[in-house]
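Student: Here is what each chain is made of, one letter per residue.
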Amino acid sequence: MRSVARVALSDVVRMASVGLRTRRLRAALSALGIAIGVAAIVAVLGLSSSSQAGLLAEIDRLGTNLLTVTNGQTLFGDTAELPTTAPGMIARIGPVTEVQETGSTSASAYRSPLIPSVNTNGLSVQAASLELPSTVGCAVAQGRFLNAATSRLPVAVLGAAAAERMGIDRIYEGERIWVGGHWFYLAGILTPAVLAPEIDSSVLVGFPAAEKYLGFDGHPTTVYVRAATSQVAAVQSVLAATANPEAPNEVDVSQPSAALTARAEAESALNGLFLGLGAVSLLVGAVGVANIMLISVLERRSEIGLRRSLGATRAHIRLQFLAEAVLLAVLGGAVGVAAGVVATVIYASNRGWAVSVPLLAWAGGLGAAIVIGAGAGLLPAIRAARLSPTEALRTV
Amino acid sequence: MSAVLELDRVTKRYGEPPVWALRGVSFSIQPGESAAIMGPSGSGKSTLLHVLGTLERPTDGRVSITGIDVAELPDRELAALRATTIGFVFQQFFLAEHASIQENVADGLLYAGVRVAERRERARDALSRVGLGDRLDARPPQLSGGERQRVAIARALVGRPSIMLADEPTGNLDSATGGQILALLDELHADGATILVITHEHEIAERFPRQITVRDGRVVSDA
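Listed in order, the protein sequences are those of chains A and B.
All the letters of the first sequence, read from the start, carry residue numbers 1 to 396 under our numbering.
All the letters of the second sequence, read from the start, carry residue numbers 1 to 223 under our numbering.
Bound-form chain B, shown alone (with noise of 0.2 angstroms):
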């Protein structure tokens, strides 16, 4: 099987003087696959998820994404690469306050193409798996932070992407929300998702099958 996500040799420069945040940087992830990408701030983690969800292209260096190679794509179609194969979960959760959780979840899908009352099912049901299939009609506001943290992560599957990029899942979390949360990731897993954690934090990052530690925009192990 070929892999979701494969990078060859990536780098990233910034600015002027140039600042080089990626060095050269290769991996793959195969389908399936829960890893974490580990490494202290500043090491370029931040940029390479941003490479690795196509919302920032490498300077040189392939990468492709289920056997794309994302350098070929126009800016829309990268939009509808990220819209159908790539969920994203960030640190802020980004929710929007006013709107229903559901509603919020069903947004995953609005750039999808997807009707909305489909929308709106398929939002129930991956509300249902990440545990909060009886609140729907909640706000953020009312939610707890790890509550909230699930909304994020249940409008990264909904799409049912190929992978699901997390950027510190926890960083805005105490850590027995946090322990949730990872054990909920744990779960998705199980059920065959394929999940690339991106952390600062040791601890968080051997919980998973495998670790890829950067440094200074180098990949220092692989593990």
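Chain A with its partners taken away, still in its complex shape (with noise of 0.2 angstroms):
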């Protein structure tokens, strides 16, 4: 009996690239479904990825030993108050390095006293200490921050989206701005303040300046507090206590930073919607191809019934047509994960992240396109494998 000869890979690969080097335009265009899919999916996890990592640089630049006490709730429900004493109190904590404090008045801001007193913005005014930057982990944009004269005076500074909504974005000798009645000259504006973003939407004056001016009753509301990073989960432990001895259940204690990392850690839901839309994009690409598959077929029957002359057997003519489906759909997935990585590279390296692509992401993305290219390839394989080599031979 004679044996059926193997078609070498190399011989197969060549095959496969026939139709599409014949057909170049129609094979981009077909691939081009599975491209924009694969890119899709790529980008996503890519970006997704990025921002994560970037996020969780920015927190450990900022660092995960900031701690926040908040005034919280008394047990009937009303605003509980922290002593005036709490920032002192707090500071005698041994492994304590830093504390500030800020106190929310009940004074709004505007640009000008024309303004309707109910466009507060959104804005809040906080009376606040003088190292509160960079304990907080922000720096001054613009001008300088308060200082021990300049917080006696009607003097403020910008959160950085305070700034944003007011329309300011320089700081000029003399600018002043309506706080609680009063003119209050500008002094700077801030960075933004990622782990406190509380402070991003406030004017801050100096205590005394809001005692004197805007009614203030000098209880502080935030004291945020820079421990030894080994010792975070002790202090935080006796925080509550320390700043209010005799009701400690009234204080709410938080690490901003813990938040943040679990925050950049959930998936978010768009992720889920974009990877949907890549995976129809998918779809529709692999329909692409089965049809652009099946007209190539019935194109190319006199080559199928040469082939079948020569001594090819139905499998190798459906193995023909297979792969040069799935090549196909490796050529876009291809340049899918191409473009997905150059969009992640380029929004990446915009915000200033380091660019992440995650395994899963490219080699899943060729990995689906190798899926799919079978998928697709299926049905026009067997169809010509099917074709009788007469009937393929009878031109038409």
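Heads up, a few of these hints could be off.
Unchecked claim - Partial chain A-side listing against chain B, Cβ under 7 angstroms, derived:
#1 4
#2 5
#3 22
#4 302
#5 309
#6 310
#7 311
#8 312
#9 313
#10 345
#11 389
#12 390
Stated by the list, open to error - To be clear about the criterion: a stretch of chain B counts as covered by chain A if any three or more of its residues have a C-beta under 8 angstroms from a C-beta of chain A, and this derived list gives those stretches:
#13 47-58
#14 79-85
#15 89-96
#16 103-112
Think of the hints as simulated: they come from the structure by calculation, not from any bench.
Fair warning: this is a prediction, and the values are worked out from it, not measured in the lab.
Just so it is clear, CB atoms sit at the ideal spot from N, CA and C, and this is done for glycine as well.
Take the two lone chains and join them into the complex the hints point to.
Tutor: Shown next, in the form of structure tokens:
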């Protein structure tokens, strides 16, 4: 008995590429659907992974040793007060290195007295201690922060969001805003405080100034505490009792970096949406490949007939068309991975994040392309193989 | 010496209601023979070619090629038999236009399990035999019709088949070019090839030492 010759892999690849090389535009268009799907998936996974890496790096840079103490609620549901002595007491805890505080006032801030009083822009006016920016991990973008002198005078510093909402992007001499019925001179604008976003939307004034001009009662509402990194948990456990020994249950203690880390690691619902869109695009691409392969089988009947007369078995023909569909899909997939990675690199470097494209994204994208190519090519390949040689040779 | 090709009361029926394309055809071809099968269109000669070339199985009767009964072979072994034993030449050439003629001819060995270097080597030899040894890198669209049919003949020969089946090899060519192709077939026959040509033209059939005439699915003369 004579044995059926095996066709070498290199020959299979060469035959598979013939259809693509001779019909380039058609091949490119049908691979495009798969490319778009894979690109969407790779970009979504790459961007979310890069943004997560970026946020974690940012948290790392800002330090995980910041704790905040805020006034909670009394047993009856009223807003509790922190004692004015709380910052001083907290500073006496051994591992605590920095303590800064803010206190909410009831005043509102406006660009000028002509603005209706309901247009508060969601800004709050807070009394702030003098080393606040370095403790919460932000810097002064323009001008300078409050000092011992300006904290007694009608002088304000704007958080990053507050400056944006008021439409102020630079500081000039004599610039004033209308705070609680008084003109306050602007001293500076802060950069965003990732660990303490409540400061971003605040207009900050000195404690003495707040008491003098805004009717502030002097009670801090938030105390920012930096502790030795190894002792953060220990400090956290004693903070409430130290801040308000009479009613520790009326004090809220939190670690902002922990909440941010948890948020960074949670996948956003939007990711799911875009991954779904990518999958739909892949499916549409698969239908396109299947369609184009079916047409190709019809057009290449004489080639199929010739190959059968040269000794190709049905399996040889099936393999040839299957390989062509897989090659088409893999080309689309490779372009898609490249496009997804480029999109991730561009976006991540714009944001200053470290680029991170997880293995799952690009290997999964290519794998999906191969599976889709094989699936889409199956029916056309079976059709091609079923064609009887004489029918295939009958020229149309 | 046993026959290369032997048909014994071969019939072929198509469709429903049945149409008989072949109604009991018997003849045999000896090694080194050169013959023409002649018949008008509709006489069943295309079906005969397909049955001879194992592209189609007969409804009844026996077809043996190099002594092997075709009916006993499964499809994949028939394909292997075609790859090693039979060379086809078609009226429409069926050449791949994007590939060089050397690649086209080398593809004649693709399914015979020959390695790529040897395929190219043998393709070059086959092309020199048909007088195109100096144009290995040409592509079919750069060639005349006669030259293209020479390439197709080289592709049929490259596997050193026991028999070459040519279906109207001059059907798409003018008579002068057709004459050159027939002269080439004569030469190949003189070198020992077994050739069976199918044609509907008397003048062509007359150039062959043996002519089998088919009409209405039967052999009406064999001389």
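Student: Next, verify each hint and record whether it holds.
Tutor: Verification of the hints:
1. 4: Holds, because the Cβ-Cβ distance from residue 4 of chain A to chain B comes to roughly 5 angstroms (cut-off 7 angstroms).
2. 5: holds (3 angstroms)
3. 22: holds (5 angstroms)
4. 302: holds (6 angstroms)
5. 309: Check passed: Cβ of residue 309 of chain A comes within 4 angstroms of chain B, closer than 7 angstroms.
6. 310: Nearest chain B Cβ about 6 angstroms off; hint holds.
7. 311: Holds, about 2 angstroms.
8. 312: holds (5 angstroms)
9. 313: holds (4 angstroms)
10. 345: This interface hint is violated because 37 angstroms lies over the 7 angstroms limit.
11. 389: Result: holds, 4 angstroms to nearest chain B Cβ.
12. 390: holds (5 angstroms)
13. 47-58: holds (count 4)
14. 79-85: holds (count 6)
15. 89-96: Coverage by chain A holds here, the residue count being 4 at a Cβ distance below 8 angstroms.
16. 103-112: As far as the stretch 103-112 of chain B goes, the hint holds, because 5 residues have Cβ atoms under 8 angstroms from chain A.
This entry does not satisfy hint 10, going by the numbered hints stated previously; all others are met.
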